[in-house]
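Enquirer: Going line by line, the protein sequences match chains U and G.
Each residue of the first sequence is one higher than the one before, starting from 968 at the first, in my numbering.
Each residue of the second sequence is one higher than the one before, starting from 968 at the first, in my numbering.
What the hints contain is simulated information worked out from the structure, not anything from laboratory work.
Don't take every hint at face value.
[What the hints assert, rightly or not] Listed next, the in silico DSSO-like pairs over lysine-lysine satisfying Cα-Cα at most 30 Å (straight line):
| hint | chain 1 | residue 1 | chain 2 | residue 2 |
| --- | --- | --- | --- | --- |
| 1 | U | LYS1102 | U | LYS1058 |
| 2 | U | LYS1032 | G | LYS1032 |
| 3 | U | LYS1032 | U | LYS1053 |
| 4 | U | LYS1053 | U | LYS1102 |
| 5 | G | LYS1058 | G | LYS1073 |
| 6 | G | LYS1102 | U | LYS1102 |
[Unchecked claim] Sample of chain U residues facing chain G (criterion: CB under 10 Å; computed from the structure):
| hint | residue |
| --- | --- |
| 7 | HIS986 |
| 8 | VAL989 |
| 9 | ALA992 |
| 10 | ASP993 |
| 11 | THR996 |
| 12 | THR1013 |
| 13 | GLY1016 |
| 14 | SER1042 |
| 15 | GLU1112 |
[Said to hold, decoys possible] Negatives, chain U to chain G, calculated, CB over 12 Å:
| hint | residue |
| --- | --- |
| 16 | ASP998 |
| 17 | VAL1011 |
| 18 | LEU1055 |
| 19 | GLY1057 |
| 20 | ALA1063 |
| 21 | GLU1070 |
| 22 | ALA1078 |
| 23 | GLY1079 |
| 24 | VAL1095 |
| 25 | VAL1107 |
| 26 | MET1124 |
Beta carbons are placed, not taken as given, at the ideal position from N, Cα and C, and that holds for glycine.
2 protein chains.
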Amino acid sequence: MEIREFTEDDWVQIWPIVHEVVRAADTYTYDPNLTEEAARGTWVQTPPGRTVVAVEDGRVLGTAKTGPNHGGPGSHIATASFMVDKDLRGKGVGSALCAHVLEWAKEQGFAGMQFNAVAESNVAGIRVYERLGFKIVGTVPGAFEHPTLGRIGLHVMYCDFG
Amino acid sequence: MEIREFTEDDWVQIWPIVHEVVRAADTYTYDPNLTEEAARGTWVQTPPGRTVVAVEDGRVLGTAKTGPNHGGPGSHIATASFMVDKDLRGKGVGSALCAHVLEWAKEQGFAGMQFNAVAESNVAGIRVYERLGFKIVGTVPGAFEHPTLGRIGLHVMYCDFG
């Protein structure tokens, strides 16, 4: 598996992954009816942000986007999001993507990375993030309407690079 | 003082308020070089969001914007931002705007309101928010580069309507 920068040709493989994730509506706070155009606008970042893909034998296994979490006086903290092909989860793709964007953000001079909205049901993701240095800063109760679990908390997570 | 919905004619009075706030860069995570066009695009909300102004004798004293904090499974929680004319702070304008948008969000059926990035130096704002029912959910350390205080924390605050 190689992780490299997004190129235009990757989108045709990324969109089915994003589409499945947003329709499932069990991890991300995206509109489940997000159009392909809006998804592309959200997912494909330009500098100072970055979008990458994890690929193996020409197949896109997963993707990540990263960039400043806020503007101006908040722009020294990065954020990131990850999506992995439904059929390939639990094999370390998300973990490799997260490690990659952390490394990139450190190289770029960011002081830390924040996740704004991690559904507390996403225990596999949270375990990966914690192993890579993230801590739960706080939890907004009931802020995520899970399709089967009902209203659950959204964690704010942070990894300090200092 | 009356608080009412934004109309096109208000922008000419809102922009100097927004401009001063973003250039000061001591409360909000906006680019201090935000253009008027970008400011307008950010500040003037359309449904399901809303922008309001606090006016007295035709003068805009302050303004607020509100709407869903996230999309899809996070869209039942509102967020809001407030800006008050520099010369009129400490007179209850921000407090009245905050109470107004809380009332509006409750009427709209939101389940709570979240603030994503409250600079911990903004003690006057935090006092108002706490009096109106907000609690600090967590603090991201050093996430705000204050022009005189250096890197300080950004609070995530939440007010539950339940």
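Enquirer: Hint by hint, work out which the structure violates, then give me just those numbers in ascending order.
Expert: Checked against the structure, the hints that fail are numbers 7, 12, 13, 16, 22, 23, 25 and 26, while the rest are satisfied.
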